[in-house]
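Got chain A sorted already, so can you dock chain B onto it with the hints?
2 protein chains.
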Amino acid sequence: MKYTIIVCLGFFLLHFSASAQSKKLTIEDCVLKGKNILAPEKINQPQWIEGRTALVYSRKLNGVDCLIKYDWRKKPSQVSWTVGKLNQAFRRLKLDTLTKLPNVIRTGMDGFVFFNNNNLIKYDYRFDSITFHLTLDKKAENMDVAKYTTHVAYTVDNNLFVLMNNGTVQPISNDGNAGLVYGKSVHRDEYGISKGTYWSPKGNLLAYYRMDQSMVTDYPIMDLDEHPAKEHNIKYPMAGMKSHEVKVGVYNTATQKSVYLKINGPADQYLTNIAWSNDERNVFVVVLNRATDHLWLNEYDANTGDFVKTILEEQNNDWLEPTILIQFLPNNNNLFVWQSQRTGHNHLYLYDLNGTMQKELTHGDWDVINVSGISFGKNKIYFTGTTTSPLDQQICCVDATTGEMQQLTKDKGIHSLYLNEYTGDYLDVFSSYQIPKVVSIYDRRGKLRSNILLAENPLKDYKLGQTKIFNITAADNKTALYCRMILPPNFDSTKKYPCITYTYNGPHVQLVTNGWLNGADLWFHYLAQEGFIVFTVDGRGSGNRGFDFEKCIHRQLGTCEIADQMKGNDYLRHLKYIDTARLGIHGWSFGGFMTTSLMTRTPGKYKVGVCGGPVIDWSYYEVMYTERYMDTPAENPEGYKKSALTNYIDNLRGKLLMIHGTSDDVVVWQQSLMYIKKCVEKDKPIDYFVYPGHLHNVQGKDRIHLLQKITDYFKQNL
Amino acid sequence: MKYTIIVCLGFFLLHFSASAQSKKLTIEDCVLKGKNILAPEKINQPQWIEGRTALVYSRKLNGVDCLIKYDWRKKPSQVSWTVGKLNQAFRRLKLDTLTKLPNVIRTGMDGFVFFNNNNLIKYDYRFDSITFHLTLDKKAENMDVAKYTTHVAYTVDNNLFVLMNNGTVQPISNDGNAGLVYGKSVHRDEYGISKGTYWSPKGNLLAYYRMDQSMVTDYPIMDLDEHPAKEHNIKYPMAGMKSHEVKVGVYNTATQKSVYLKINGPADQYLTNIAWSNDERNVFVVVLNRATDHLWLNEYDANTGDFVKTILEEQNNDWLEPTILIQFLPNNNNLFVWQSQRTGHNHLYLYDLNGTMQKELTHGDWDVINVSGISFGKNKIYFTGTTTSPLDQQICCVDATTGEMQQLTKDKGIHSLYLNEYTGDYLDVFSSYQIPKVVSIYDRRGKLRSNILLAENPLKDYKLGQTKIFNITAADNKTALYCRMILPPNFDSTKKYPCITYTYNGPHVQLVTNGWLNGADLWFHYLAQEGFIVFTVDGRGSGNRGFDFEKCIHRQLGTCEIADQMKGNDYLRHLKYIDTARLGIHGWSFGGFMTTSLMTRTPGKYKVGVCGGPVIDWSYYEVMYTERYMDTPAENPEGYKKSALTNYIDNLRGKLLMIHGTSDDVVVWQQSLMYIKKCVEKDKPIDYFVYPGHLHNVQGKDRIHLLQKITDYFKQNL
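So the sequences go chain by chain: A and B.
First residue of the first sequence: 1, per this note's numbering; consecutive thereafter.
First residue of the second sequence: 1001, per this note's numbering; consecutive thereafter.
Just chain A, same shape as in the assembly (with noise of 0.2 Å):
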C-alpha cells in the first residue's frame, strides 16, 4: 500500500531541480521562517481518543487553526473546532475565553481535557459545552493531570499541592525553598526524566520527586536587566562535587499523607523510571549508581514505602543510561516490556515481576528508537527502530505471544508512530530527503485508510544546491559513518570550493539521516548558497547508531571523536573541489568542545573555527551527564586533563570565534570566559562574542545575528 502514496507523492520528487526554482535564501528566512512557512507543514499534539477509534490533532484549516477530531470509520469522518467556536461554550459560563488553540492534555471519550490560563478545562466534543473547570493558583506550575479523577498536581514555587476534583487544595509539602525542591524533575533531565510527579494509573496516588540540593555549589547567573546589575544563583553540581540527593514519595489523596520510598544506598545515587503497578499497589523505581554502571529495577509497596524486592540488576563496564519507564502487557499485572542497550544497541525483553526474561522481543544489529504502545487483545508491541539503515526509522511490531516481528514500513526516511491500543490503528507521520510530510492513518493489518496530511514542499521557489550522502570508514577502521554534503547551488566541479564542517560527535546527537533535508538546518543550505560546502560527519559516540557505537568515548571524550573527525577532513582534502587551504569547523555544545578540540588538538586541519557553548573542561560540567562518561575527576584524572581545552592552547593556529549566552545555565558561561582568560595569559589571538541573556542556544529572532555573525567570520576569514 506504501506504494501508492509513493506514486500519488510524485510530483515532490526531485523538488531541487526544477527550473522554476529561483529564489534565495536570506538569513532571516532561516532563521523567521525556517520553523514555519519554509519547513514542510505538519500536524500538532496528535493522539488517540482513549477508547475510541477517533484520532484528535490539530493544524490550519483555510490558514485557521483548528482542533481536529478525525475518523476513517464514520462520515463524516472529520469534526473541527476553531477557537471561536470552543469560546462559545466559554462564553455561556462567563469564563476567560481562549485566545488561541489550547494544548489538549488527554482527550476521553467525554471531553478534550486543557488547560486555558490557569483553569483547567474539560471540554465535552460531543455537546460542545464545557463540562467542568477548575482555578488552580495563579502561580502554579508543572500542572499534572490525573487519568479517571481529574486531580491536579502542581507546584507553586518548589512546594507541591494537589487540586482534588472537588476544588479543595491538598498541601503535600511546605518547606520548599531553593535547596529543597519538590514535585519537578531532578538529575538535570537525564535519564529520561522531564517532570517531578507520577499519577498512579486510576489517579489516586501520587509518586514525586523531593530534591535536596542545599549541599551543591551555587553558580552565579547576571541579570543584566536590573539597574546594577543582580546575580542569581542556580544550584550546579559539578563533576566529581557534592551532588544533589533525591527521594521519592508517594502521596495518597484519600489519608491525605505521604510516605517516603524506603531505597537503599547513598543519597547521591540516581533514581529514575518511576512507574507504577495497574493496580496502584507497587510502585517501581530504578535505582543507578552515581558511577552509572550499576542498576536495580525495584519495587516498592506505595502504602508502606516499604522494598519489596529487586527484580533485575544490569551492570556495565561502561555505563548504563536507564531511561524508558517499564510497561507492563495490557491488563497483565506480571508481564513487562524493559529496555536494555545490554547487545550493543537498544532492544526490547519481556520480563516477569520474578525478573525472569520471558522473550528477547527484539535483537540484531540496530536499535529500537522509540516504542508508541501496546496494542490491546493482541499484545502486539509497536515501535521504530532503524532496521533499514541508522539514517531511518522504520515502524515496526513485535507479537509479545509469539515474538514474531515485522516491519510495517519500507520507505526510507524518518517515521513516527502514534499507535492506538484499543483499534491497533497507528498514525504514520513520515518524511523523507524527498518527502516533506506525509501523515497516515493505518488500520490494524496495516492498510492505508487516510492520508491526513500531504504537505507541499515548502521550498520549491528556492534554488537550493544538491545534498549527497554518503559513508566513510571511521578511524577504527572498520565502522561506517554517515556523511552529509551539500553543495552551492550551480555547484561547479572543475572549481575550488571553501568548506565548513558543522560537527557536534556527541552523545543522543544524530545529524545525518535520511529525513527531510537529511537533518540539515537551512542555514546550511544558505551558507552553500553563499558560496560554502557544508560537510556533518557522525562520528563515534553520536546518536541512533548504538551503544557499542557509542562507548568508545568512555573516559575520554574527544579522542576517538577527533580520530574520526579526521577521517571527514581527510575524505574532504582528497576532493578536487575542495579548497583545502579553506577549511572550516563550527559547532554549538558538545559541538563546541569538538570545534575548540580540532583546532587545538589537530592544529592545522581547519583554518577557521567558531564554537558557540562550548565545554571547555568538563570538570566544570555538570555531575550527571559527565561522570556518566568520564568517571569522576578523582577516578580518572588523565581523562579529565587529556580532554581539557585549556591545556591545548599553545597549538591554536588559525582564526576562533568562541561564542556564549552569558545566561547559559547548561555549560556555564565560566567555560568559555575561562579558555579567554588562558588565551589572553598565552598571548594568542581568539576572538569572543556574547549573547547577553540568552541561554544555551541562541533563539528566537536573536538568531538572526548569531548566524549572521558567523556566517561573517566565514565569510572575512575562510
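Because the hints were derived from the structure by calculation, they are not lab data.
Among the hints, a few may not be true.
Claimed, not checked - In silico DSSO-like cross-links for lysine-lysine, where the CA-CA straight-line distance does not exceed 30 Å:
| no. | chain 1 | residue 1 | chain 2 | residue 2 |
| --- | --- | --- | --- | --- |
| 1 | B | K1309 | A | K682 |
| 2 | B | K1075 | B | K1035 |
| 3 | A | K684 | B | K1035 |
What the hints assert, rightly or not - Sample of chain A residues facing chain B (criterion: CB under 7 Å; computed from the structure):
| no. | residue |
| --- | --- |
| 4 | I234 |
| 5 | M238 |
| 6 | D683 |
| 7 | Y688 |
| 8 | D702 |
The beta-carbon is built from N, C-alpha and C at its ideal position, and this holds for glycine as well.
Leaving out everything else, chain B in the frame of chain A:
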C-alpha cells in the same frame, strides 16, 4: 641658566632623524619596555630632608638600585645606599631583611622612615643603624605614619587602629564591615581624596573618614578563578541612586576617644579637603552639596567636634570641584592659600580665617597645576602652571607678601617641581618632546646648582615617525584645540595613509603636551610604523585648559566633545595624504564612550572603531563623577537620554569592536554587555572581546594581547 642645559643637552636634539635609527618597535617592546628601558630614565621618590639641605631620591647607579642622599653644598655631595648596605643594619637586629629598595615615607634629620613588609623602620643614615622599629598587624593596610610622633594609623579589613610609637595598639573602631568602613578613602577617590586618615601636624590627633555604605546598591563582580565561579558584591552607587554617607571623626591618642565633627547638611553630601590648623586645635573641611554647586569651607573644633564657623563659600552654576587642601603660610595660623576655578581658570588666593580675601595671588588666561610648597621666611609659593602654553607646565613662584610672580623656567615642556621649603632650593624634573628627562637642582635664586640626571634618549636606535603638534579651531569657532599627529617613518606626502584617531576628550585628561613624545603612548609609534597615521585632538571638556574650556560638557556629556572631534575629523579629511575612506577611532573609558558616540552619533565619519571599558549610559556610572557633570537622571532626563548610547544603535555603520575587563569596578561590565544585548536585539553587527579578571584597564603583560587585538582589528578592517 637654562641655556646651559640646552647646550649640554644638544646631543639629544633631532633624535628622530639620525641615520643609525633602524630598529622597529614591537608590541612587546611597547608593553614590557615602554615604562622602563624604552622610557626616559627617571629618579624615584624625590624628597627633601625635612629641615635640611639634602635631597633624597632613588635611581639605578651602575645597574644597581640605590637610595641617594644628595647635597650640592657638601663634598662629597652624594651618599648612596644599596639594599645590601641597608640590610647590614637589619641583620644586626635580626630583622627581616629587605628584598628591594624601600619606599621611603619620610626622611627626617635623623633617618629614613619606611616599611619593610609589616615592620615600620627608622634607619639612621648618619650611623647606618636602625634606631626604631615597630611591627604591625599582618593584615594592616592604609598605613599612615604621623610626623614627629611616628604613631601609625592603619586599617584591618574595615576597622581603624593606631599603633602607638610605644608599641601599643589603640583600636579606633570595632563595628566596621563591608557596609561601614573606617579610615579609608571615600567618595570613590573623587575630589582629591586618596586616603582616609589625616594626622594633625604634631602627630597627636587623627582625623579620619567613616563611610556608611550599607544603603548603597551592590554590584556583582564574577570571580572566574573559583570552581565554580563565585560572585562578590561591591558597593557601587549609580547616578541618582542612594549614595553613601560620610562622617569625619577626630581621634585623640591621649584620651583614646573619638569625636565626630558636627557637620550640618544632608547625609549624602561630600566632605572633602580635610586639613588641620598648625596648632592642632581646628580641623577644616570643605562641605560640598551633592549637587556640587555650593561649597562651604568650614572650621571645626578638633576636641569637641563643634562647628566654629564657615570661612568662605563658593557657588557655581555649572559645578565645583575642590580637590586641594588649604595650606597655611609658614608659622602663620591665619593666612592660607585657597585654590579656585572661579575665574574660569584655576588660581591661587590668599585668605585669612575670617574669610577675607587678602590677595589674588595669580590670575590670567592660564591654570595653576600644582603647588609644591611655600618657602619659609620668604613666604614664596612655588607651583607649576600653564603660563606659556596649555601644553607646557612651567615652574613659577609668587610672593605672598608682595604678590609678585615670577616664571622660573622658560623651555617648552613639562616641568615638575619639588621645593625645599627650608632652603628655597627646588628640584626641576623636566622633559620635552626633544629632551627625555633632565633633573636639576636650583637654589633659591634660581641658579642651577646641579644636573642630577641627564637621561639618554631611550629610543635612539629606533626609527620613529615624525610627530607634529598644531592647533585647530573648536566647534565654537574661537577656541584653539591642540592636536598631535604621528606620521609613519618614511612618510611620503604623495601617498595616502589610513588614520586612527585616539581619543579621550573627557575631564581631567590631556593627551597632547609638549612633554616626552608629546604625551603619546609608544604603541602609537608602533601603529605609525605599521603604516597608520595616528591623530589626537584634545577637544573642549578635556584637562589642563581651565574651567571655561571644560564646562561646555555640563548636563550634556558627549555633545560638545563630539562637535570638537568632528573638527578633528574635518581637518583630517582636508589632508591630501590621508585616505579619508579609512579613518579609524579608538579610546578607552571616557574615550570608549567617545568612540562609541562617534561611531553612532556621527555615522559614516569613521569606518572602524575600537572602544574599551566604555560608559554606555551615564545612569549606570557612579554618583560622584556623573552627577557633577550631569546632575541626576531625575534632574536632567534629556541630558541622560541624549548621551545614552543605546539610543543610537540604529546609526551604527562600519565595524565596532567593544572591549571590557570582566572585573572592571570603575565602568562596570554591565555597561558594554547591555550595549551588546541591544545590538543583538536590533540585529546590528558588532564585535566584542573581554579580558577576564581584568579591571578598568588591561595592565601587565596581558596588555600585549590587548594592543595586538586592537592593532589586528584596524589592520583587518580599516
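Status of each hint after checking the structure:
{"no.": "1", "hint": "K1309/B / K682/A", "result": "60 Å, violated"}
{"no.": "2", "hint": "K1075/B / K1035/B", "result": "34 Å, violated"}
{"no.": "3", "hint": "K684/A / K1035/B", "result": "23 Å, holds"}
{"no.": "4", "hint": "I234", "result": "10 Å, violated"}
{"no.": "5", "hint": "M238", "result": "6 Å, holds"}
{"no.": "6", "hint": "D683", "result": "5 Å, holds"}
{"no.": "7", "hint": "Y688", "result": "5 Å, holds"}
{"no.": "8", "hint": "D702", "result": "5 Å, holds"}
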